[in-house]
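Protein chains: 2
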Amino acid sequence: MKNTYRSIFVWGDKHEEVLEKGVIELVKEKFGYTEEDFKQHYLYGDNEVTLGKACSLPEKIIDQFIAISGKENVDSGDYERASHSMGYFFSELLMLRKGMIKTPPDVVIYPRNEDEISLILTLCNKENIAVTPMGGRSSVTKGLETPKGGISLDLTRHFDNISDINEINQTVKVQPGVYGPVLEKFLNTHGYTCGHFPQSFEYSTVGGWVAARGAGQESTYYGKIENIVLAMKVVSPAGTIETKDYPASAEGWDLSKTFIGSEGSLGIITEITLRIKKYRPKNTAFTSFIFKDFVSATTCMRKIMQAGFGAPALFRISDPEETATAFKIKEFDNSFSDKILKSFGYAPGKRCLMFVTVEGDKDYTALAKKKIKKIAKAHGSFHSGGKAAKDWLKQRYSSAYMRDPLMDIGIMTDTVETAVPWDKLLTLWKAVRDYLESREKTHVMAHISHVYENGANLYFTFLSPMKKGEELEDYTAYHKGLIDTIHKNGGSLSHHHGIGRALAPWMEDEMGKTAMGLMKASKDFLDPKGILNPGSIFGESSGR
Amino acid sequence: MKNTYRSIFVWGDKHEEVLEKGVIELVKEKFGYTEEDFKQHYLYGDNEVTLGKACSLPEKIIDQFIAISGKENVDSGDYERASHSMGYFFSELLMLRKGMIKTPPDVVIYPRNEDEISLILTLCNKENIAVTPMGGRSSVTKGLETPKGGISLDLTRHFDNISDINEINQTVKVQPGVYGPVLEKFLNTHGYTCGHFPQSFEYSTVGGWVAARGAGQESTYYGKIENIVLAMKVVSPAGTIETKDYPASAEGWDLSKTFIGSEGSLGIITEITLRIKKYRPKNTAFTSFIFKDFVSATTCMRKIMQAGFGAPALFRISDPEETATAFKIKEFDNSFSDKILKSFGYAPGKRCLMFVTVEGDKDYTALAKKKIKKIAKAHGSFHSGGKAAKDWLKQRYSSAYMRDPLMDIGIMTDTVETAVPWDKLLTLWKAVRDYLESREKTHVMAHISHVYENGANLYFTFLSPMKKGEELEDYTAYHKGLIDTIHKNGGSLSHHHGIGRALAPWMEDEMGKTAMGLMKASKDFLDPKGILNPGSIFGESSGR
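Heads up: the sequence lines are chains A and B, in that order. Residues 11 to 554 (the working numbering) make up the first sequence, in order. Residues 11 to 554 (the working numbering) make up the second sequence, in order.
Please keep in mind that the hints were generated in silico from the structure rather than gathered at the bench. Just so we're clear, the structure is a prediction, and the values are computed from it rather than from any experiment. Any given hint could turn out to be false.
Which stretches of chain B does chain A cover? Using the computed rule of at least three CB atoms under 8 angstroms from a CB of chain A, they are [unchecked claim]:
no.	region
1	177 to 184
2	267 to 276
3	456 to 469
4	534 to 541
From the derived model, a few chain B residues whose C-beta atoms are all more than 12 angstroms from chain A [unchecked claim]:
no.	residue
5	ALA77
6	THR199
7	LYS254
8	GLY479
Here a beta-carbon is modelled for each residue, glycine too, at the ideal position from N, C-alpha and C.
Turn these sequences into a full structure, and let the hints steer you where they fit.
The structure is reproduced here in structure tokens:
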């Protein structure tokens, strides 16, 4: 699929997945699909990319970029520009499938070092050219579109260095363009781990994690990226800011925190110092439970977090429908074990799966597992052993691969996540479920996967056949109602995907006018002409 | 000591302390003091306060303040103004002892609610009147002087409410004027603790903790205040910002973090939501060790933090001289136990004391204690049992009371603290010791009391006879050299005392021009006329 739209939007670069048998059955049952429907190649996007829109920058400007970064690192070819025009938000995937790229960047530049970034920013600032920094481009919030054209600044080619590990401080210095597996393999080889495993792990970069304020699947123990970052360097049109690697400080307020979640709107992150921990996979304790209902499962989860013996690493509950879906797909339904479970009152449509791992010192993980089992038992759970959690981890990145084959058969699928204090969690869950299910032919799954003493995230996945010909309008309206529902019910606009252009319209109502003004004041100082990632966070109207 | 300068600067309001026998001996031995010297009442400050400088605000402005907050909450009397003119930085104590208050506030206002604060800010902004918010006024960094006069906004009288505990979310909502003991007693009664016990605990407020980005003695487990604060409300001249109590979020960057450490320069904090934990004192495990030297003690400390079984709550090492001082004061020297210790190679002048407690679940604290003992043993320590740690906790706030009787006999005493990555800790410690000891007749002690996987703080205490008649110049020069030494050796300007006017002169060199510009941009947006705590963080030149 060389140079096709499909090669841009398909998740991953190594292979495409096919739908599992269980998923096919689910689609048949839920949406009334026939065998014929599975043969669709809906909006397949296998045509070659042609932008029909030339680079709009004058040749002398391009020559200056070439003088800065070298000819081989300045690319204004159609395919390169197309592939740097957007990320993986559902509507973006639709646009690519339709071959619609309205505002591609004018040129893609791969800077080789920090000085080049400074020079590029200076030139762009002078000439009023938009600059959007890019890493793995896996944003699911429209975080890196280029509505004003300009430069896509790709950091994956040259900003891929990992400095030596500082074993005394337990830190590592990395450049923003390093991909997840490269970092983790390097660290593991040296006996360490970063502990950051987002769903996008295989194709996202450290810079992207920081810019979007992401979280990994084991964030309950390792923390979100804001807890993992110790220091950073950021180049902006106004100059460079480098924060220190102090373990803590009271030097005014913490400026690192201003850049974590800034989504490329304040500056280009050029170096990041990460906290690392010892890599000791043999110490990991695995366990899993089945609860009778979502209430007892979430209560148990909260009690474990508040018990005072530390936190699990992987810590997930699937809600009843997600649990039922997993059981169906894994062909567990009506098995001997299923019959036993049912006979003990763990009824389909109500029961919930919980996966747990504990990491760290060996005696500690053993104790924590024992404690967790005790609390889970007190909440009426069935102990289903460690294998289920191990199996889940083996396929931990697989769900992202399901999106393409589902869209190929005309099914819209998206995930939206939020964070919420414990006392609002069940109301929010119910309200969002009700909203999503108000759409005809919709399959909704939810889980909790990032857990805190004071609350948790909620992560919703929905599948529904697209309204053919009106896919964009259909999705946009449905998505708007979904975010409205979360917002009204006390959930954050995002727990770890970031804001992007997709959620920016809710920001002022969520944060308040003064808070938005404060954020804009920071942007105005660092990026007075608004050339950096225009439109993101602050909405379409902002920026060059 | 009614209405005297002494009543303002003496630490605590319940009693004054006298010097312990061991301290008296130390002073004799180190500084050659005679019995006669101990009878001094040096710069005793027991004269009555008279400012000789009237409130400079026009009567019609004062009338407006009275209309807003009531006559009983607007005070322009000399004593009230004097006591709201500064904090507990060493040079401030000297000034008060000398009866020198150059720039008192014009008036002290005790606002009754948030609306009044808004009205006061609006009026002050219009009329260009400085406003400095105040809580317990225990700043040791010149954090709350009033160089431009104006209003001291005292939040302790009416902003002292604690809302009900949210037991589901494990949070509590408090107003900024709540003092440490009031909060902790309230929480303990309900089975919870905030876990924040700064040295100033008895006389500092929640608002002050947040504004100065403080840390408590058990911060290794509970975190610094920035880790304890979940959400907050801040009123600024530009409007009100209220952050949400989400357990985590990816809504752009974290604005709460901008106000933690803002030292009253961005707005008035009016409400704070704190994370709380279960209060289970019976579960606390206590232990202590004596190490042969500072290197093995600090290495052991680091290994414990990086071992992967969680963190102690109280976790301290005294360096050899602080250990020797403690042994002298507690009359341990030459006791039977001391002889045994020496015979095993724990030599005075080299040996180091470590105190440890572990909090949380009972089985967890037992396991962690076992693990800590094992690691400590591997680093050649002598296990000195739990009692020493318990005893230390009983007198945990006492050292602050020693300052006054020492100053009464002409001895300058101050503490300065910094944070540093592990790999710079010993170099910094040595360099600061060398600098401090380069002064004739100086007794220097140091400890580590806030510990992280990636580094720790260092806390230096020094005692030295003052140069009589030149106390201010003497101290100022010595302090400057001290901060220069820390700064040059890779330590932060502060780990938990904040910046204030005392450390502001180093800020630009430490943070860099662009970082300072970014901080100032935030201030300029929220406080365009620079009326809030002028001079703090940003230096004397800034503000009205």
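**Report entry** Contradicted hints - numbers only
**Finding:** 7
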